[in-house]
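A.B. asks: Each chain, letter by letter, is given below.
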Amino acid sequence: MSKQINVALIGNPNTGKTSVFNALTGLNQKVGNYPGITVEKKEGICKLPRGVKAHIIDLPGTYSLNASSLDENVVIELLLNKNGKDYPDVAIVVSDVENLKRNLLLFTQIKDLEIPTILVINMSDRMAYKGISLDIAHLERELKTKIALVSTRKNKGIEQIRELIIKHKELSVEPCLNSSTIDESYFDNLKKAFPNQLLYKLWLVITQDVNFGKTDRKNYEAVEDFKTKSKTDLKRLQQKETIKRYQFINETLKKGQTIDLKSAKDLRIKLDRILTHKVWGYLIFGLILLLMFQAIYDWSSVPMDFIDSSFASLSEWVKETLPEGAFTNLLAEGIISGLGGIVIFIPQIAFLFLFISILEESGYMSRVVFLMDRIMRRFGLSGKSVVPLISGTACAIPAIMATRNIESWKERLITILVTPFTTCSARLPVYLIIIALVIPEGRILGLSYQALTLMLLYLIGFGTAVGSAWILNKIMGLKSKSFFVVEMPNYKLPLFKNVVLTVLEKTKAFVFGAGKIILAISIVLWFLASYGPGDNFNNAESIITEKYASENLTKEELHQKIESQKLEHSYIGIAGHAIEPAIRPLGYDWKIGIAIVSSFAAREVFVGTLATIYSVGSDEEETIKNRMAGEVNPILGGPLFNFASGISLLLFYAFAMQCMSTLAIVKRETNSWKWPIYQLVIMSTFAYIVALVAYQVLI
Amino acid sequence: MNTIIQNTLAFSAVGLAVLFLAKKYVLPTKKKSNKACGGDDGCGCH
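The listed protein sequences derive, respectively, from chains A and B. Its first residue numbered 278, the first sequence is counted upward by one per residue in my numbering. Its first residue numbered 65, the second sequence is counted upward by one per residue in my numbering.
Any given hint might turn out to be false.
Keeping only pairs whose Cα atoms sit at most 30 Å apart, straight-line, the calculated DSSO-like set for lysine-lysine is [to be verified]:
#1 B:Lys88 x A:Lys407
#2 A:Lys944 x B:Lys87
#3 A:Lys785 x B:Lys88
Derived by calculation from the structure, the hints in this document are not laboratory data. Keep in mind that this is a model prediction, so the values were computed, not measured.
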């Protein structure tokens, strides 16, 4: 009968363990189940020289010997049960050259069970691409084992594994870590209570919630002079063990492994070197942003114009087709106009999320987070604030909730307070309509002034968030900074399906989330603009007819004057005139004032409100943009939306805290009204001052 | 008759809109259970 060697093939998931198994066993393998459980058991025979056979078991992938699943229990049971028929004569730990540090944790644990262990370093063909070089002799010395450098993809190193299996008896069984160093007094007691047992094996039996045949943990608990520790203490000691193992691994790899990024030929590393470069990285990111905003403008103008004119025609059609009356007016002037003010922005919102989704899917967004982390640190924030600030470009609410993983309360509070400065998607409709009205359509180096203005507003928002974080940091005296770890995913071509789904989901959330509020506000505004108290409203027709009796006005001109008279003296007109003195220095009239007040619920309501107010005051079939462009400044004459008032409005919306939902979420996250009130007062005052200065300087 | 229907529909819509906005921004919302979900953040959201 020929001799048989039991071999256990162990390793982290995705290290190519099964490829090694296939290379060793070829077709001599069978698949079954471990007794009593549904975990797959793969075993095979590897023929070795001199008639020796190796019985190889491909064990389930595991990260460590601290079991947390049935699969992992299988590994531990096999390694601890010395009397089991599959107990290995030799263990092969398969590791991946790119993740050697993580893989060695499992290796050191198995080595400490005093089982002869071979370390297989797989995927060696990737070393040149990654700029990795290994000092095998040093690693063998420190890890007290033999190493096979293998590439299953290129079928290299398999023969070396076979030779090492035959010579397994020559392998050292000296442990990597002296278990007693985990907790000396506890392990001394353990040693005294069970003098004939292997210390690390005892430790594993005590700490795992599984029974191992004859080595039942109850046997240990029954020994009177040995006091077991509580579960919490055992967990703490397990953590200590892991730290000690990583200290050992780090020390070993310091000399045994070199990673030279400069000599790396891997596309990912090459790209990372450029995209995360301290100069090129930011330049490329800036260029991508420029292209993104330019494309948003260039691609969405046609569908936007189509939607705008469609809503204008629909409103006109409703007025002409339905019988005259209050409800017809509500539909035509309130609901359709208000909804048109949100639907018109669907193309631009969809394009914005299309680009963001492509950047995320391709793996580039993680590099942006890494780049931003560098800036954050200079302004006193840690990298953990990057994610909320970047996700704030979609919406401040989930961004503020994302601050929950920041351990330091002060750091978290600062992030919560500054996040609303980043340009959220609700600001986009306001920016887009104002930019279209006041920024000329010309281009510079192929980039339109309008796209550049939009990008500048995004940068102003982010810059203000970071700048105010720095100020708050100085005021609050923040000392400790939490660390931030981001895993850089591989670059990949974005999946079309994922991109489409993201765009649909985000656009739907924007339209339906804001749509309900806009619809309700449009209805209320229509009522307030269509009805009013007193003679000036109720007798508007006779007042105007009498007033302009001497002038030869056409029927249409007279009708327009009556509508204006009604609007001026409607409920909303009265309210608007009441707040006008406060906003007049900023270059706004009472209608803009009403839009600002109503958009306190949500910023995107601004355009819908103006669309409704202008629609009630006019009978003509016009697009929102044309109506706004045609508005005249009642005091200075000329267009109401000129360069000075437009820039003033843009800056006001860049800084003002115009979102009730954000205030509510800040209250919930800080558990106090104090912070949202500070936020509201400070941001609104700052916005008012900046808008005032901008208008007064530019006028 | 037509005016009555038009006015009824219009003012009902206004009433519903006011109710919706009041419910969303003015009236207090139901407090969620304080029971935490297993994590110790006491979020009460699970």
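A.B. asks: Tell me if the straight-line CA distance from Lys944 (chain A) to Lys87 (chain B) falls inside 30 Å.
C.D. replies: holds (18 Å)
A.B. asks: Regarding the pair Lys785 (chain A) and Lys88 (chain B), is the alpha-carbon distance no greater than 30 Å?
C.D. replies: holds (20 Å)
A.B. asks: Would you check the hint for Lys88 (chain B) and Lys407 (chain A), treating anything up to 30 Å between C-alpha atoms as holding?
C.D. replies: Distance ~55 Å between Lys88 (chain B) and Lys407 (chain A) Cα, so the pair is violated.
The structure fails to meet hint 1 from the earlier list, while all remaining hints are met.
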